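Trainee: Protein sequence lines correspond, in order, to chains A and B. To get my numbering, take the position in the first sequence, counting from 1, and add 1459. To get my numbering, take the position in the second sequence, counting from 1, and add 1.
A portion of the hints provided could be inaccurate.
Sample of chain B residues facing chain A (criterion: CB under 10 Å; computed from the structure) [what the hints assert, rightly or not]: (1) Val117; (2) Phe440; (3) Thr453.
Treat the hints as calculated values from the structure; they're not laboratory data. Predicted model, so just to flag it, every value in this text is computed and none were measured. We put the beta carbon where it would ideally sit given N, CA and C, even for glycine.
Here is what each chain is made of, one letter per residue.
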Amino acid sequence: MMERTVGVRRVAARWRLPERPGFLGALMLSPALLYLVGLVGFPLVLSFIYAFSDVTTGNPNVHLVGLSTFAAAVRDPVFGVALRNTFVFTFFSQALVIVLSTVLAFGLSTDFPGKWVVRFLILLPWTTPVALGAVAWLWMLDSIFSPFDWVLSALGLIHQGTHIPFLGQARLAMGSIVVLQTWRMLPLATVILMAGLTSIPQDIQDAAAVDGAGFWRRLVHVILPLLQPIMLVALLFGIVFTFTDIAVIFVLTGGGPDNSTQVLASWAFYKGINGGNLAQGAATALFMFPVLLGLAVLLLRIASRAEVT
Amino acid sequence: MSEVEERNQESVATGMETAWTSRLSRREFVQKVGLAAVGLGAGPYILTACGGGTSSAGGGGGARSQLTILQWSHFVPRYDTWFDAYIKQWGEANNVNVKVDHINQADLPARTAAEVNAGSGHDLIEWIAPPSALEPSVLDLTDVVQEAEKKYGSQLAVCKASTYNPTTKKYFGFCHSWSPDPGDYRKSLWTKAGMPNGPVTYDDLLNVGTTIKQQSGVRVGIGMSQEQDSNMAARALLWSYGASVQDAHENVVLDSDATREAVNFMVKLFKQAMTNEIFSWTAASNNQGLVAGQLSYILNSISAYRTAQQTRPDIADDIFFRPALQGPTGKGFASEHVIMIYIIPKWSKNVDKAKQFLLDLVGHTSDIVYQSELYNFPAFSKTNAQQKLFSAGGWLDKDPFGSHPADKLSLLKNAASWSVNVGYPGPSNAAIGEIFDTFVLPNMMASAARGTKTVDQAVSDAAAQCRQIFAKWRQQKLVGGGS
Chain A
1460 MMERTVGVRR VAARWRLPER PGFLGALMLS PALLYLVGLV GFPLVLSFIY AFSDVTTGNP
1520 NVHLVGLSTF AAAVRDPVFG VALRNTFVFT FFSQALVIVL STVLAFGLST DFPGKWVVRF
1580 LILLPWTTPV ALGAVAWLWM LDSIFSPFDW VLSALGLIHQ GTHIPFLGQA RLAMGSIVVL
1640 QTWRMLPLAT VILMAGLTSI PQDIQDAAAV DGAGFWRRLV HVILPLLQPI MLVALLFGIV
1700 FTFTDIAVIF VLTGGGPDNS TQVLASWAFY KGINGGNLAQ GAATALFMFP VLLGLAVLLL
1760 RIASRAEVT
Chain B
2 MSEVEERNQE SVATGMETAW TSRLSRREFV QKVGLAAVGL GAGPYILTAC GGGTSSAGGG
62 GGARSQLTIL QWSHFVPRYD TWFDAYIKQW GEANNVNVKV DHINQADLPA RTAAEVNAGS
122 GHDLIEWIAP PSALEPSVLD LTDVVQEAEK KYGSQLAVCK ASTYNPTTKK YFGFCHSWSP
182 DPGDYRKSLW TKAGMPNGPV TYDDLLNVGT TIKQQSGVRV GIGMSQEQDS NMAARALLWS
242 YGASVQDAHE NVVLDSDATR EAVNFMVKLF KQAMTNEIFS WTAASNNQGL VAGQLSYILN
302 SISAYRTAQQ TRPDIADDIF FRPALQGPTG KGFASEHVIM IYIIPKWSKN VDKAKQFLLD
362 LVGHTSDIVY QSELYNFPAF SKTNAQQKLF SAGGWLDKDP FGSHPADKLS LLKNAASWSV
422 NVGYPGPSNA AIGEIFDTFV LPNMMASAAR GTKTVDQAVS DAAAQCRQIF AKWRQQKLVG
482 GGS
C-alpha cells in the first residue's frame, strides 16, 4: 500500500513538472536553442578548429598547425583587398540604406493614393530570393546587352553601340554591388523604421507643434532622436547581413575584375571550397568574427541605453 | 465493412472530435504536444528499425543493391535524357537500384566538400574538372583504368594527366570522356578582313582582329575574368608562347620571359581588338556575344555553336572553327574544355558495382559522343565511338546534327594532338587546381591589361602566389617538385 502511494506521488510529481517555474519556458526555448547550437554554434567551433589546422576539402583529418594558416591567409595579396572591400561595401551600402529607408518610412507613413501598391513594390526585393534578384541585376548590367546602355543611348547620353562596363571596371563594379545590396536591404530597414515611427506617441509630436515647432524642427529635435534606437536596430541588421554577404558578389562579379570586388566572405569561399584550401578559407572567414562581435555588442548597448520614452 | 470496424471508426472519429472541440488544459496541451513530438521525432527511427523505412523498388528481394550517383547537368540536355534512361536499364540488368542526382556544375565543389566532411554521400561523383584535391578521400582507381585500357585501348594523355598523380602514383579519378576547346570565328567578318579561313597564329588574331574591330566595331572575345573560359584562354596563350605554371616535374616556372611575352601580347590584344567588357565575362558571355554578332573570335567548345543552330541557324552557318592558335614557338596548345571524371569516395558502400558502372559506361562511348551531340570525345583509343566519329565519312565529316557544310567539325579529328590538361606540361595536381579555381592566371592577364600592374609586376606577383600554393600542397604530400 505504502509502495503504491509513493508510486502515485512520483507519477503526480512527474506530471506537475511542466508547471514548475521556468520549465515550460525552457522547453519552449529549447528548439531555438538546439537550432542555434547545431547550425550556428557547432559550425563556428568547427571553423575555429579548421582555421588552426591544415585541413583541405579532400582531407578532413585535423592536424593542428598553430597560427600558420592565419599567417598564410594574411600573406595572400587578395586578403588585404578583400578586407578593405568588406568595409567599403558595408559602409556605403548601409549609409545609403539608412538614409533612403528613413525617407521611405516617412513617405509611406503618410496617406496618399496608391500607397499600398507603392508599399508592395518597395517590399518586393525582400521577398525575392537573393540569387534570383542578383541574376536579374547581372543581366541588366551585362557587358554587351545591358538595357541601361540602351536607355542611355536612346536618351543621347552615350553613343549608340557604346557599352558601359558596369561590372568590368573596378569602381563601377563596386558601385554596382553597393547599389544591388542597397536595393536588397532597403525593404527590411524601411519596415523596421515604419514600425518605429508608429511607436512614437502622437501627443509628443502634437505638443511640439503647439509649441510652434515646424516640420524640420520636429523632425530633427523630436522624431529622429526618438527613432534613433530603432534606427540602430535596422543598422545592426544591415551591417551584419552585409558584412557577411557572399551572394551578391558571387553572382554579380565573382570577385572580379582582377579580385577588385572580392570581400572576405567571397574570398573565403573561393579559397576554401573551390580552391580546396579549407583551412585558409576558414581562417579568412574568421577575420570577420571579432568585427561582428564588437559591432553587435556596441550597437546593442547603445540601443538598450536609448529607450523610447 | 463489419459492425465492429464501423464502431471502431465511429469511436475514433468521436474521440478526435472531442479532443479538438473540448478546451484543453495547459497540462493536457503539454502532454499531448510532448507525446506528438516524441512520436514524430522517433517515428522514422522506429520505422527504420522495423524495416519499414527503406522500402525499395525491388519489393523485398533483399539482394538488390543501391548505387547513388551525383553528377553535373550536362550542357547538352539530350545527354542527361539518354543517361537517365541508360542507367535505369543498366540498373535492371545488374540488379541495382540506381539513383542519379543532376546538379549545376558550379555547385559540385561545395556539395562534394560537404559530403567529404560528413564522410557520407553518393557512391559516385562526376566532376568536369580534375578533382585532385579530393585524393585523400577517394579510392585509387588504377585497377579500373587498367581494365578499361585492356578492353578499350590506351587512355588519352590529356585524360591520364587529369586523373593520375605521379607523386602518389594513384588514379584519383576515372575519365570517360572530354571536350576540346577550339577557336570559334565568324567567317563573314574574317572573310571581309582578308582571312576567310580564320586565324592560324596569335599574331593573326591580333592583326586581323584589330582590322575587324576598326572596320565594324566587332571585337575579339577572349575573357580576362574570374570564370573558367578565361582560365583556359590564359593557359592556351601561355603554352603557345612556351610558358607554363609548372614544368613536367611540378616545379613552379611561371616567372619567365615567355610568360612576360604572353602577357604583353594579351595587353596588346586588349588595347587593339577588345574592350573592357572582357573583364566582366561570365561563362555565357562569349557564346552570347558570338551569336549576337558582337564578337569575331572566341575560345569555346562546340556548345555555343549547337545553341546557335537551335536559336539562330543563319548565325550558326557563319560560325566556323580553328584549332589552337600557334605562338612564336610555332606550336599551339589549348586546354581541354571539359573533362568528365568520376570519383568513388571512400565511404561508398557499393564499390564493385560503382567500378562496374564505370567500365560499362566506357563500353557505351558511342552513345556518350552521339547523345552529347559530339560535345564529348572518347577518352580511350579503341572504343566503339572511334570508327563512327573519326573515320572518313564519320560524324565529324558528316555532322549528324545538321552543320553547313557538313564537315565543319572535321578539324576536331586531331583535337587530341593540340589539347592538353590544365597542368601541362605537368599533371593536374591539387596546386594547379587551387590556382585554377582562384583565377590566378586570368587575374595576372587582367591586372596588366587594366594597367593596375606592370607586366613584370603582374607576372612576379602571380608566380609568388603560385609558389605559396604549391608549397602548401607539397606539405600535404600531394604535389611533387621542389621549387
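Trainee: Would you mind marking each hint as holding or not holding in the structure?
Mentor: Hints, one by one, checked against the model:
Because the smallest distance between the Cβ of Val117 of chain B and any Cβ of chain A comes to about 6 Å, under 10 Å, the interface hint for this residue holds. Satisfaction of the interface hint for Phe440 of chain B is found here, the shortest Cβ-Cβ separation to chain A being roughly 8 Å, below the 10 Å cut-off. Given the 10 Å rule on beta carbons, the hint for Thr453 of chain B holds: about 7 Å separates it from the nearest Cβ of chain A.
Hint compliance for this structure: every hint is met.
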